[in-house]
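Chemist: If you want the building blocks of each chain, they are given just below.
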Amino acid sequence: MKPLRIALTKGRLEKDTVALLEKIGYDCSAIREKGRRLILPVGNHEFEAVLAKAADVVTYVEHGVCDLGVVGKDTILENGNSFYEILDLGFGRCRFALAGPKGKPFYGGYSIRTIASKYPNVARAFFEGKGMDVQVIKIEGSVELAPLLGLADAIVDLVETGATLRENGLEVIETVCPISARLIANTASLKLRKREIEALAARMEQAKGDGI
Amino acid sequence: MKTYRKITPEGTRDLLFEECQARRTVERALAEVFSSHGFKEVVTPGLEFYDVFDPESSGISQEEMYKLTDRRGRLIVVRPDATLPIARLTATRLQNLPKPVRLYYTQPVYRSNPNLTGRSDESVQTGIELIGAGGRRADLEALVTAVEALRACLPGFRLEIGHAGFFRALAGQLPVNESQREDIRRFIEAKNYPALDALLDTLGGGPAVAAMRRLPRLFGGEEVLEEARSLCVGEQTVGILAYLQDLYETLGSLGFGDSVMLDLGLVQRNDYYTGVVFSAYMEDYGDAVLLGGRYDHLLGLFGAPMPAVGFAVQVDALARRLLSLQKVSAPPAPEVLVHSCEGFEKEGFAELSSLRAQGHRCEHSVFDTREEALVYARARGVREVLFVGAQVERVLLERGGTL
Chain A
19 MKPLRIALTK GRLEKDTVAL LEKIGYDCSA IREKGRRLIL PVGNHEFEAV LAKAADVVTY
79 VEHGVCDLGV VGKDTILENG NSFYEILDLG FGRCRFALAG PKGKPFYGGY SIRTIASKYP
139 NVARAFFEGK GMDVQVIKIE GSVELAPLLG LADAIVDLVE TGATLRENGL EVIETVCPIS
199 ARLIANTASL KLRKREIEAL AARMEQAKGD GI
Chain B
74 MKTYRKITPE GTRDLLFEEC QARRTVERAL AEVFSSHGFK EVVTPGLEFY DVFDPESSGI
134 SQEEMYKLTD RRGRLIVVRP DATLPIARLT ATRLQNLPKP VRLYYTQPVY RSNPNLTGRS
194 DESVQTGIEL IGAGGRRADL EALVTAVEAL RACLPGFRLE IGHAGFFRAL AGQLPVNESQ
254 REDIRRFIEA KNYPALDALL DTLGGGPAVA AMRRLPRLFG GEEVLEEARS LCVGEQTVGI
314 LAYLQDLYET LGSLGFGDSV MLDLGLVQRN DYYTGVVFSA YMEDYGDAVL LGGRYDHLLG
374 LFGAPMPAVG FAVQVDALAR RLLSLQKVSA PPAPEVLVHS CEGFEKEGFA ELSSLRAQGH
434 RCEHSVFDTR EEALVYARAR GVREVLFVGA QVERVLLERG GTL
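Read top to bottom, the protein sequences are chains A and B. Each residue of the first sequence is one higher than the one before, starting from 19 at the first, in the numbering used here. Each residue of the second sequence is one higher than the one before, starting from 74 at the first, in the numbering used here.
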């Protein structure tokens with residue numbers, strides 16, 4: 019049978035995942051010294067790692083060309099999920115938050131609010147849940163700029179320490195939801211290769227509990 | 074002005090040669106199984122009123138449907154699902170037939186998918202509906218037909234069986250409101266263990282909470298039933314487990330044991346399905362290739378309450394698999410090109426008829442000259458050219474490349 023294929027989100031989640039895999043005894047030297055290769059063997063070829071951008075991890079897993087993926091909950095919320103989300107890996111922690119100019123009340127009044135976000139679906143769903151009709155503008159780069167320039171009343175964005183917000187005179191109005199990295203699995207793969215995938219997930223869960 | 078004359082809309086594609094062959098192979102194999110089980114074919118319109126697919130009862134969201142209006146401004150959809158029209162037609166036109174009614178169909182369904190995800194908006198489904206029969210024997214008939222249908226196309230699939238009532242019974246034992254229940258259902262469908270745990274943590278302890286927590290993990294072989302039995306209290310859940318065990322063992326005794334699994338966490342469209350639910354998976358395809366179950370409430374929505382069970386197969390997925398396994402290939406070049414010389418068309422057609430009657434695939438040359446006919450035959454990879462004149466002259470060509 020083919021080795022299980024796992025898609026990793028490039029960057030910090032990749033490093034954390036590698037640390038976790040090494041902790042449970044898989045040799046990840048091929049990932050550490052990857053050069054320009056994109057598909058890399060893990061351990062004794064027990065599985066293959068694919069390095070991809072976050073949203074692509076979701077795409078590859080949905081289509082079943084990768085059996086498993088490690089991706090942030092932020093990407094899952096923004097891109098929807100027709101896959102299984104089987105484990106909270108515990109790293110990559112931060113939160114989605116609604117933030118706006120310091121001291122300026124956001125709620126109240128009847129004018130329609132404009133929200134800038136890199137995550138328009140998350141922003142829309144959040145306000146739908148409140149029964150609030152808002153206008154969402156998609157911004158690709160530093161979202162904090164939008165309220166400073168007067169384009170938006172507030173932003174929905176990932177917040178880790180809140181330092182960038184503070185430096186720009188913004189503050190968190192409300193937490194939307196907490197975020198962390200997740201292990202996701204393709205629907206068919208989990209059914210067809212249950213034993214392998216559950217065993218790996220169980221080992222990862224145990225190792226993560228011990229702290230990385 | 075920009076025109077879109079040379080491309081097809083996203084989510085659609087042309088099928089060429091071997092792709093058509095693969096699709097027809099699957100359609101024929103499945104139709105053969107269905108009709109040998111006594112199912113009769115029906116075709117429903119490609120356009121239906123939106124009301125037939127009311128999202129409340131169909132579970133198909135408004136966003137997914139292709140909509141247009143008719144001349145009187147009424148909302149029309151391009152068929153997004155095959156079962157609802159069949160329920161409509163059974164309820165309205167087949168009331169007087171002896172029950173159960175066995176129907177099958179092969180037709181495309183249309184769903185509008187989000188942009189650039191690589192999913193098809195047009196997909197051919199073929200499936201059966203067994204309407205007007207409830208109970209174990211009807212469920213078994215649908216399951217056996219499903220397994221035999223897939224077997225007729227491809228080895229190496231897994232069919233998993235669950236029961237919509239199991240989740241409902243468990244949820245009934247929890248102190249939750251409607252929206253929490255739906256959240257739990259969604260988390261189980263997505264096998265989102267972390268979110269499910271977090272929600273259940275707020276509900277305190279108790280056996281129902283513990284059972285619900287395990288529910289998405291309760292898939293696999295017979296051991297699943299054992300574990301479920303140890304977790305469950307309540308007559309209803311225990312009854313459902315016994316029922317699933319009976320189905321599972323019966324399928325095993327029929328020699329289908331290798332292809333059948335259980336999944337108690339099958340909670341898709343939980344308001345639509347009322348009893349047994351099942352889906353099938355195969356290697357190298359990331360989604361279910363067959364989905365089905367019992368839907369006893371649906372016919373009632375069309376004014377003729379009747380139990381019913383059925384399933385739909387994703388023809389394109391099976392066809393793609395056949396192609397990748399190289400079980401079908403492009404139709405070969407014709408064996409013979411017949412070129413009628415000036416004034417000998419009648420003889421040419423007679424030659425073609427007799428060759429075709431012997432089972433040879435042959436083309437009639439539409440060229441004016443012998444040279445053009447030969448050039449074409451070489452390019453097309455035809456081995457033999459017959460020039461029909463006062464005599465018949467046979468020219469054999471080296472095997473060239475095929476087009």
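Calculated directly from the structure, the hints in this document are not laboratory data. Incorrect hints may appear among the rest.
Keeping only pairs whose Cα atoms sit at most 30 Å apart, straight-line, the calculated DSBU-like set for lysine-lysine is [what the hints assert, rightly or not]:
| # | chain 1 | residue 1 | chain 2 | residue 2 |
| --- | --- | --- | --- | --- |
| 1 | B | K400 | A | K156 |
| 2 | B | K75 | A | K156 |
| 3 | B | K140 | A | K148 |
| 4 | A | K212 | B | K400 |
| 5 | B | K400 | A | K20 |
Chemist: Is K75 of chain B within 30 Å of K156 of chain A, Cα to Cα?
Modeler: Status holds; Cα separation ~26 Å.
Chemist: Holds or violated: K400 of chain B with K156 of chain A, Cα cutoff 30 Å?
Modeler: 47 Å, violated
Chemist: Given the hint that K400 of chain B pairs with K20 of chain A, test it: the Cα-Cα distance must not exceed 30 Å.
Modeler: Distance of about 21 Å is within 30 Å: holds.
Chemist: Does the alpha-carbon distance linking K212 of chain A and K400 of chain B stay inside the 30 Å limit?
Modeler: 28 Å, holds
Chemist: Regarding the pair K140 of chain B and K148 of chain A, is the alpha-carbon distance no greater than 30 Å?
Modeler: The hint holds at about 29 Å.
In the structure shown, a violation is registered for the earlier hint numbered 1 alone.
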